[in-house]
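Once you've looked at the hints, dock chain F against the given chain C.
Protein sequences, first through last, are from chains C and F. Residues in the first sequence are numbered from 14 upward in steps of one, following this note's numbering. Residues in the second sequence are numbered from 8 upward in steps of one, following this note's numbering.
Any given hint might turn out to be false.
As the list claims (entries may be wrong) - Cross-link-like lysine-lysine pairs, in silico, DSBU-like; alpha carbons within 30 Å at most:
no.	chain 1	residue 1	chain 2	residue 2
1	C	Lys175	F	Lys141
2	F	Lys69	F	Lys120
3	F	Lys84	F	Lys69
4	F	Lys98	F	Lys84
5	C	Lys175	F	Lys238
6	F	Lys98	F	Lys120
7	C	Lys292	F	Lys98
8	F	Lys124	F	Lys141
9	F	Lys98	C	Lys175
10	F	Lys84	F	Lys131
11	F	Lys124	F	Lys69
12	F	Lys131	F	Lys190
13	F	Lys120	C	Lys175
14	F	Lys69	F	Lys98
15	F	Lys238	F	Lys141
16	F	Lys69	F	Lys238
17	F	Lys190	F	Lys84
18	F	Lys141	C	Lys292
19	F	Lys120	F	Lys141
20	F	Lys69	F	Lys131
21	F	Lys98	F	Lys131
22	F	Lys124	C	Lys175
23	F	Lys246	F	Lys190
24	C	Lys175	F	Lys84
Treat the hints as calculated values from the structure; they're not laboratory data.
Read off the chains here:
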Amino acid sequence: MLDMTVQSIITGLMMGVIYALITLGISIVFGVLNVVNFAHGDFVMFSMYLSYMIGTALVWDAVQTPLITIPVLFIFGFIVYYLIIDRTLRQMYVVQLAVTVGLQIFMRSMALIIWKAQPRALQYSIIQGNIQIGPYTILTSRLVAAIISLIFIAGIAWFLNKSWAGSAMRAASDDLDMASLVGVNYRRTYALTFAIGSALTAVAGGLLMSFQQTDPVGGIRFGFLSWCVLALAGLGSIPGLIISGMIVGVAETVTITFFDPRSRLLVIYGIFILVLWFKPRGLFGRK
Amino acid sequence: MNHPPKLQVNNLTVNFGNLMAVNNVSLEVYPGEIAGLIGPNGAGKTTTFNAITGLIIPSSGKVFFNGHDITGMLPHKICRLGMSRTFQVIKAFAHMTVEETVRVGAYNRCNEKNVYKKVDQIIKLCDLADLRDKLCSDLGLAILRRVELARALATEPEMLLLDETGAGLNQTELLSFMDLLRKINMEYSITLLVVEHVMQMVMGVCSRIVVLDSGEVIATGNPESISTNPKVIEAYLGKRVPQCY
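Same shape as in the complex, but just chain F:
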């Protein structure tokens, strides 16, 4: 990778009181790639996301986006620079329709005149045309994941951070969601950083994976090397006891 990284995280540390949630994490995401961030529960993946997108201010360390220092910047300003995200838990605007939800995101780059054109385009891309006038509170999980992706896409990001978008989806839903991710990555050249528990999705879409455990990076590499890395296996399954049988 000769390009300068799209997202560069340097020695990021987040403390909650005495709890070291993220400890000295450094990672890079390069333009155009789909990078994965994995790790067991409580490894600090979501906290890392929160610190990158401005929801929490890191205790120390720096975050650079396109070379700009965005550490501690307000979320809407980071969004204006071209980075948006989704959440592990559904955070749809419950009292708004699908179209209105997407429109909120679209106003990031559009004005009243061209906002509907953008909304139409995004709704078509995410295959939500039949549901555009439905209230978000009436929709199911798999569809809300797409609505959330649509809302983030409507802000016209250069980079998207997706937090466990595969969680709770069945096999068909998962495959179509993976297709959608590949499509936005290829056709719209949006760089993706995905946190994921569903290994099928991580191995299927990511070109490079960073593994976190207890707030620290324990491995970085391509899917094949990660899946055979002893440290990663240990983090997920525990240490192998040699004399056991």
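One chain only, chain C, in its complex shape:
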């Protein structure tokens, strides 16, 4: 019993870091542009399919595929920003909502047309196998995925704090008018933010493909998951984001272990609702 609990917590923690990586994308876009990208989960789905295609065509391992998918998704993010998001910025919230939900449906339908409904998975990953510590098993693929996710999260944190573009993004997030009056080009900053948010899903997609399969409706799952993590974390704290990802990850695996695997979404949304109810700004959210 104890072994099972610890085992599921270990697995959950590692999944949680990947969830945090996915959520980081939606979080910076929401924080800077004040737009909730409802299609974010479908960006993950799209990245996973790209990883699948690259992995099959070039006989690459899933964890290598982000080398190509990161630039692709980065450019894709730029295009989506200038084509769709930029026009909705000065509109009502409901317009932004309609546009990103529309994008979500569009991407899902395109995936259904291109890749059909059948789930796809890559062959074997070079990081198969597991590490045995006493009675506990750590799947190497998850561990590697968690470590790479942490590296990317730390990289983004550094970028936001130290670089020119990162400072501009944070300034635009705090006060857009003032940021532009001291020389920040808001459109370029917004486009870059959106593109980075999109590129992060490429990393997550590659990592997820090393141990999961993808299907066209999988995007919704990641979309919902990332909102839950975001609601739990609130805006502005990257350590808070990692912890929140871990909480959701652990809640998920513990539910799968001790209840019905089908009830895991119930638990995740249970947390979501409770957080919105009692702590609408999240556990770590800034004022």
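Just chain F now, with coordinates in the frame of chain C:
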């Protein structure tokens, strides 16, 4: 003044629906001077500032900066040309430290290599060295006014527009702020246009004053002539009723 004006505003008009916020305002600011823009509440001072710095597009009229037409240009481009501003309400980057805030401005002219040198210089000038790692949301009004000035100065402007920077400061803070303004005007030869309610500050630092009332310019002149101008007194205090006592 034989120099061509640094800032020239020609027949600027801003309408909000039926409300004429700024009506046919023309004014000039010459290189190196500290000009004041005063007027009672609702006279259109801040709207004039917003139209000059590109935050709102004027309904008609032109704004020239160094001879360039900057009417309706995006704020960051105007900033790149050498004009920045501060606000009447504090608009600090609440979740950033003082140093980071100044750095955002400094990137206007600097790259990653020389940005810290600029930040150090500005922080020293504005006397913020002890507070550089403090979050802006933790600081008080008087200090935030200096942080905002530092952020604007970091963009290396040729001209600064200051919107009620004296509001809410006590006597000591006000005097040291006035010293700072004179210093950046003299040593860095930055032209200033200040909107101000605090008369001590206007009379103390400005060499020329433009008075707005109900969106129109009612007087222009040096501080002495403005303070005795009947139209200005009327705008502030109302019309004198001759037969009253």
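Structure-based check of each hint:
no. : hint                  : in the structure
1   : C:Lys175 <-> F:Lys141 : holds (16 Å)
2   : F:Lys69 <-> F:Lys120  : violated (38 Å)
3   : F:Lys84 <-> F:Lys69   : holds (16 Å)
4   : F:Lys98 <-> F:Lys84   : holds (20 Å)
5   : C:Lys175 <-> F:Lys238 : violated (53 Å)
6   : F:Lys98 <-> F:Lys120  : holds (27 Å)
7   : C:Lys292 <-> F:Lys98  : holds (27 Å)
8   : F:Lys124 <-> F:Lys141 : holds (19 Å)
9   : F:Lys98 <-> C:Lys175  : holds (22 Å)
10  : F:Lys84 <-> F:Lys131  : holds (27 Å)
11  : F:Lys124 <-> F:Lys69  : violated (37 Å)
12  : F:Lys131 <-> F:Lys190 : holds (13 Å)
13  : F:Lys120 <-> C:Lys175 : holds (12 Å)
14  : F:Lys69 <-> F:Lys98   : holds (27 Å)
15  : F:Lys238 <-> F:Lys141 : violated (46 Å)
16  : F:Lys69 <-> F:Lys238  : holds (26 Å)
17  : F:Lys190 <-> F:Lys84  : holds (26 Å)
18  : F:Lys141 <-> C:Lys292 : holds (27 Å)
19  : F:Lys120 <-> F:Lys141 : holds (23 Å)
20  : F:Lys69 <-> F:Lys131  : violated (37 Å)
21  : F:Lys98 <-> F:Lys131  : holds (21 Å)
22  : F:Lys124 <-> C:Lys175 : holds (15 Å)
23  : F:Lys246 <-> F:Lys190 : violated (39 Å)
24  : C:Lys175 <-> F:Lys84  : holds (24 Å)
When each numbered hint is compared with the structure, violations occur for hints 2, 5, 11, 15, 20 and 23.
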